[in-house]
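Could you build the full structure based on these sequences and the hints that come with them?
Number of protein chains: 2
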Amino acid sequence: MKLVIVGGVAGGASAAARARRLSETAEIILFERGPDVSFANCGLPYYVGGEIANRDKLLVTTPERLRSWFRLDVRTRSSVEAIDPAGRTVTVRDLESGREYTETYDRLILAPGAAPLRPPIPGIDLPGVMTLRNLQDVDAIKAAVDGGARRVVVVGAGFIGLELVENLVRREVTTTLVELQDQVLPPLDRELTTPILEALRSRGVTVRLSQSADRIEAGPGELSVQLTSGERIAADLVILGVGVRPENALAKNAGLAVGPRGGIQVNEHLQTAVPEIYAVGDAIEVLDFVTGLPTQTPLAGPANRQGRIAADHIFGREARFRGTQGTAIVGVFQLTAAMTGASEKLLLRIGRPFRKVYVHPAHHAGYYPGAEGMTLKLTFDPETGRLFGAQGVGGAGVDKRIDVLATAIQAGMTVFDLEELELAYAPQYGSAKDPVNMAGFVASGVLRGDHPQWDVEAVLSEPLASRPLLLDVRTPQEFSQGRLPDAVNIPIAELRQRLNELPRDRRIAAYCQVGQRGYLATRVLLQAGFNAANLGGGYRTYRQFFPDAR
Amino acid sequence: MKLVIVGGVAGGASAAARARRLSETAEIILFERGPDVSFANCGLPYYVGGEIANRDKLLVTTPERLRSWFRLDVRTRSSVEAIDPAGRTVTVRDLESGREYTETYDRLILAPGAAPLRPPIPGIDLPGVMTLRNLQDVDAIKAAVDGGARRVVVVGAGFIGLELVENLVRREVTTTLVELQDQVLPPLDRELTTPILEALRSRGVTVRLSQSADRIEAGPGELSVQLTSGERIAADLVILGVGVRPENALAKNAGLAVGPRGGIQVNEHLQTAVPEIYAVGDAIEVLDFVTGLPTQTPLAGPANRQGRIAADHIFGREARFRGTQGTAIVGVFQLTAAMTGASEKLLLRIGRPFRKVYVHPAHHAGYYPGAEGMTLKLTFDPETGRLFGAQGVGGAGVDKRIDVLATAIQAGMTVFDLEELELAYAPQYGSAKDPVNMAGFVASGVLRGDHPQWDVEAVLSEPLASRPLLLDVRTPQEFSQGRLPDAVNIPIAELRQRLNELPRDRRIAAYCQVGQRGYLATRVLLQAGFNAANLGGGYRTYRQFFPDAR
Numbered sequence: 001m002k003l004v005i006v007g008g009v010a011g012g013a014s015a016a017a018r019a020r021r022l023s024e025t026a027e028i029i030l031f032e033r034g035p036d037v038s039f040a041n042c043g044l045p046y047y048v049g050g051e052i053a054n055r056d057k058l059l060v061t062t063p064e065r066l067r068s069w070f071r072l073d074v075r076t077r078s079s080v081e082a083i084d085p086a087g088r089t090v091t092v093r094d095l096e097s098g099r100e101y102t103e104t105y106d107r108l109i110l111a112p113g114a115a116p117l118r119p120p121i122p123g124i125d126l127p128g129v130m131t132l133r134n135l136q137d138v139d140a141i142k143a144a145v146d147g148g149a150r151r152v153v154v155v156g157a158g159f160i161g162l163e164l165v166e167n168l169v170r171r172e173v174t175t176t177l178v179e180l181q182d183q184v185l186p187p188l189d190r191e192l193t194t195p196i197l198e199a200l201r202s203r204g205v206t207v208r209l210s211q212s213a214d215r216i217e218a219g220p221g222e223l224s225v226q227l228t229s230g231e232r233i234a235a236d237l238v239i240l241g242v243g244v245r246p247e248n249a250l251a252k253n254a255g256l257a258v259g260p261r262g263g264i265q266v267n268e269h270l271q272t273a274v275p276e277i278y279a280v281g282d283a284i285e286v287l288d289f290v291t292g293l294p295t296q297t298p299l300a301g302p303a304n305r306q307g308r309i310a311a312d313h314i315f316g317r318e319a320r321f322r323g324t325q326g327t328a329i330v331g332v333f334q335l336t337a338a339m340t341g342a343s344e345k346l347l348l349r350i351g352r353p354f355r356k357v358y359v360h361p362a363h364h365a366g367y368y369p370g371a372e373g374m375t376l377k378l379t380f381d382p383e384t385g386r387l388f389g390a391q392g393v394g395g396a397g398v399d400k401r402i403d404v405l406a407t408a409i410q411a412g413m414t415v416f417d418l419e420e421l422e423l424a425y426a427p428q429y430g431s432a433k434d435p436v437n438m439a440g441f442v443a444s445g446v447l448r449g450d451h452p453q454w455d456v457e458a459v460l461s462e463p464l465a466s467r468p469l470l471l472d473v474r475t476p477q478e479f480s481q482g483r484l485p486d487a488v489n490i491p492i493a494e495l496r497q498r499l500n501e502l503p504r505d506r507r508i509a510a511y512c513q514v515g516q517r518g519y520l521a522t523r524v525l526l527q528a529g530f531n532a533a534n535l536g537g538g539y540r541t542y543r544q545f546f547p548d549a550r
Numbered sequence: 001m002k003l004v005i006v007g008g009v010a011g012g013a014s015a016a017a018r019a020r021r022l023s024e025t026a027e028i029i030l031f032e033r034g035p036d037v038s039f040a041n042c043g044l045p046y047y048v049g050g051e052i053a054n055r056d057k058l059l060v061t062t063p064e065r066l067r068s069w070f071r072l073d074v075r076t077r078s079s080v081e082a083i084d085p086a087g088r089t090v091t092v093r094d095l096e097s098g099r100e101y102t103e104t105y106d107r108l109i110l111a112p113g114a115a116p117l118r119p120p121i122p123g124i125d126l127p128g129v130m131t132l133r134n135l136q137d138v139d140a141i142k143a144a145v146d147g148g149a150r151r152v153v154v155v156g157a158g159f160i161g162l163e164l165v166e167n168l169v170r171r172e173v174t175t176t177l178v179e180l181q182d183q184v185l186p187p188l189d190r191e192l193t194t195p196i197l198e199a200l201r202s203r204g205v206t207v208r209l210s211q212s213a214d215r216i217e218a219g220p221g222e223l224s225v226q227l228t229s230g231e232r233i234a235a236d237l238v239i240l241g242v243g244v245r246p247e248n249a250l251a252k253n254a255g256l257a258v259g260p261r262g263g264i265q266v267n268e269h270l271q272t273a274v275p276e277i278y279a280v281g282d283a284i285e286v287l288d289f290v291t292g293l294p295t296q297t298p299l300a301g302p303a304n305r306q307g308r309i310a311a312d313h314i315f316g317r318e319a320r321f322r323g324t325q326g327t328a329i330v331g332v333f334q335l336t337a338a339m340t341g342a343s344e345k346l347l348l349r350i351g352r353p354f355r356k357v358y359v360h361p362a363h364h365a366g367y368y369p370g371a372e373g374m375t376l377k378l379t380f381d382p383e384t385g386r387l388f389g390a391q392g393v394g395g396a397g398v399d400k401r402i403d404v405l406a407t408a409i410q411a412g413m414t415v416f417d418l419e420e421l422e423l424a425y426a427p428q429y430g431s432a433k434d435p436v437n438m439a440g441f442v443a444s445g446v447l448r449g450d451h452p453q454w455d456v457e458a459v460l461s462e463p464l465a466s467r468p469l470l471l472d473v474r475t476p477q478e479f480s481q482g483r484l485p486d487a488v489n490i491p492i493a494e495l496r497q498r499l500n501e502l503p504r505d506r507r508i509a510a511y512c513q514v515g516q517r518g519y520l521a522t523r524v525l526l527q528a529g530f531n532a533a534n535l536g537g538g539y540r541t542y543r544q545f546f547p548d549a550r
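Residue numbers (my numbering), protein chains in the order written: chain F, 1 to 550; chain G, 1 to 550.
These aren't lab readings, by the way, just hints derived from the structure by calculation.
Take these hints with a grain of salt, some might be off.
[As the list claims (entries may be wrong)] With a straight-line Cα cutoff of 25 Å, these simulated DMTMM-like cross-link-like pairs (lysine to aspartate or glutamate) come out:
1. Lys57/G to Asp146/G
2. Lys433/G to Asp56/F
3. Lys433/G to Glu64/F
Okay, structure coming up:
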């Protein structure tokens, strides 16, 4: 068996190591265009910020180790230029010598990755307009900041954009963040990103939403970025983080199919239409585990897993890629935002019926010092309760809850199952009713009909005349510090005695701070014959939808 | 519907609140013997240590709130003395006035909890010999420490015992910990507790294992605890943390069945043999979710859940308790130890076939600063791979992995499913291959036959003459700093060239630091025709089994 692998980072390196463990006799050649294999893409922004001080830390492994431990034929600075599927050969260019040669294969794994998008705007190729994908990119950005760049415009508020912004602020660089969507972190639902937006602004980052860079001009000693609005921002450096496109040229030129967004198409064994040719990692199109629809998720975890699976299948194992959930996480200024599975916006886009709930629990027992708040949102099937997706934002412990929910999604669990999760509780770690249990209670109550909920953004979009009465059941003190428009206040402790103050011919939307008292109020009102529901997630969810409301 | 609930802490208070949400018309009486309802048992040790400074924080809710929010008839300092199941009445004593009266019920929920065990040894009732179960207990302990107790003996190294020890050390109290078993944290497997034992000793705690207190004597101004060994330890205070026994007297006197360890027996709806009488919380016997056998797990999470389920069933809902996994966690001196599902010792005791694996990963990407180590152990079905249990010990992130694995156990996942978990990865939070994935890879490799493993404690118990050759594939530097007895060293990078140095007529047990290079070496050796396996978990697992080996 002669196995040739194109690309030596996450998916390619994983495939090579796995292949060697499965076969000591196979000939395994790993081609990598760059000088490094298996480097830590996800760490690059932290090297800019100095959190990772030693560049060598970014090298997860080296060509030398792959050779000595795994007896791999590692060829860096070697670009695979063409594939001949019929003849089972690849054409390789040695980027050092310029020499071209062909190499035969029995099996070929394509792991070429993805390249940063560079939108075709004037000035995009000016010096000082950079992207961040590999060690050479990060060297250039770090050199610019070390060399005195004090004003940076970051275009794109996705995961990498936000990590870059945090690290630039750590370097005391004046930073502007430009995002085409009306929110930061576009994969998440907008209301979940409000705390992140507020944290960015509170740390002095200038955020321009619903804007793109129209052109970039070189002035005397500086760049000038012109936004759609006409605003011009002076910068020493512009960094693009607007997404990636699959490196599919090699595949396309070989006649292999790519999807509408450019991902190489593969079957569940990660084989292309030519069964001897596999493809893995950021370059491929995969199935979304929840929706069953094609998607592209350029993430390290699935890439590693795919490399393993391709090698397994080549060496005769039963191995299938189950699809991706798009589990992702980012830390920004002590906050964490994370998601897994299907967001509300994705479900709306594909027209899939769903319900959603919000909870705002503390990350551990409230009676133990240091409890930090979080928001969790679940989306789920309105009939069966099957969990579609989860998102979280907050302080400590968001990562844990998203990982639990990612596991639940893979297992096909319902929101009823979440009620029963037996998670580890001591006061430093969680609560007797964990945030995930709480979300399960609320969602199950909605489905069982015990806990009818209306969505605050839907209620507030109704005409004023026919809108439900907004009943605030918090204390007068809480009410005085901020409330929904035109709300009336009856504290939960007085509600049963004051039911006669409420209309019987109008819907009543109860709410409190996070939803718990609103739920109890809803139960009281329903049993007293009112047409009532709880505003899911309470005042806090309202503030996340309408952060600028006064 | 008239519902009477006996006990107002976790299970009882949860049942009462749930019942009110389901029915505004029910009459609900909550009897509690003590002065408080729903206090934070799990926080008590941290009030002794001062981490929780304000005693009011320990009151999760108050009788007043239960009355005003939930319209509950809360009667504290009220002891239910007897049940008449035929007449559906309880006899209640008002502990303030001494008055006795009867109260009728339609449904009765027993949530009396459990009482600390006081072993029948001489001196057990001396002043200064205390237990920790409620606010009155913690007041007494705190008063003693505040009043100058400088030497404390804690008997019992379970969860509460260890939390007490940590908090006493925080108060600069000289602390001795006495434990009957040969390990701390008896619910866990011994080798997992080695880091905890070492942390206790490094913080100056005197630990006496395989010892019990034989007698306690009062000397002049101090107590003296005599151990089985004959050793006498002077103390100002002795605190017992040797377990609890279900408060079952009320149930037994009413003719309700209790199990062999005293737990009130209930069906899956939490009904006793008298269908109008339910029982929940620490007082009951439940099914172990993994083994299907009866067990008792006095934990807050299941108690709360059971209270909810009993109320649901009473008010006509379909509700079942699925059993418990015994998920538990403790923090001691920056370390965390946690478990869920079946331990190795439990599986051995019940004779259930199983396999086990160890991994020792970092809690997040190694290239990002601050990565802390952990040990994870899985037990699983040798045929199907179904996960039986998991244990973890280490620094940050142990809680997250145990919660993920607890979720996997509830879902009936196998170790093959763990390979595919798509968990949240950014360098501060995890790794592209999360510790749970790693454990899944190793366990799946064992079951697929790719990765044969021998257990280090089993190999070292074999007679020297027939024992496998111990092949250390780490670097000479690592080898020089500590190795298994009689091991030979061939670094992994040289192994393929030096196969001729190895015997073909003897088993070869390869090992490295944590198992990864040992796995690769095993693959090389097997494919070269040797009879070889990896020592699971490598040198680090060896050190956890044999911490005192030199």
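Structure versus earlier hints, numbers of those that do not hold, lowest first: none
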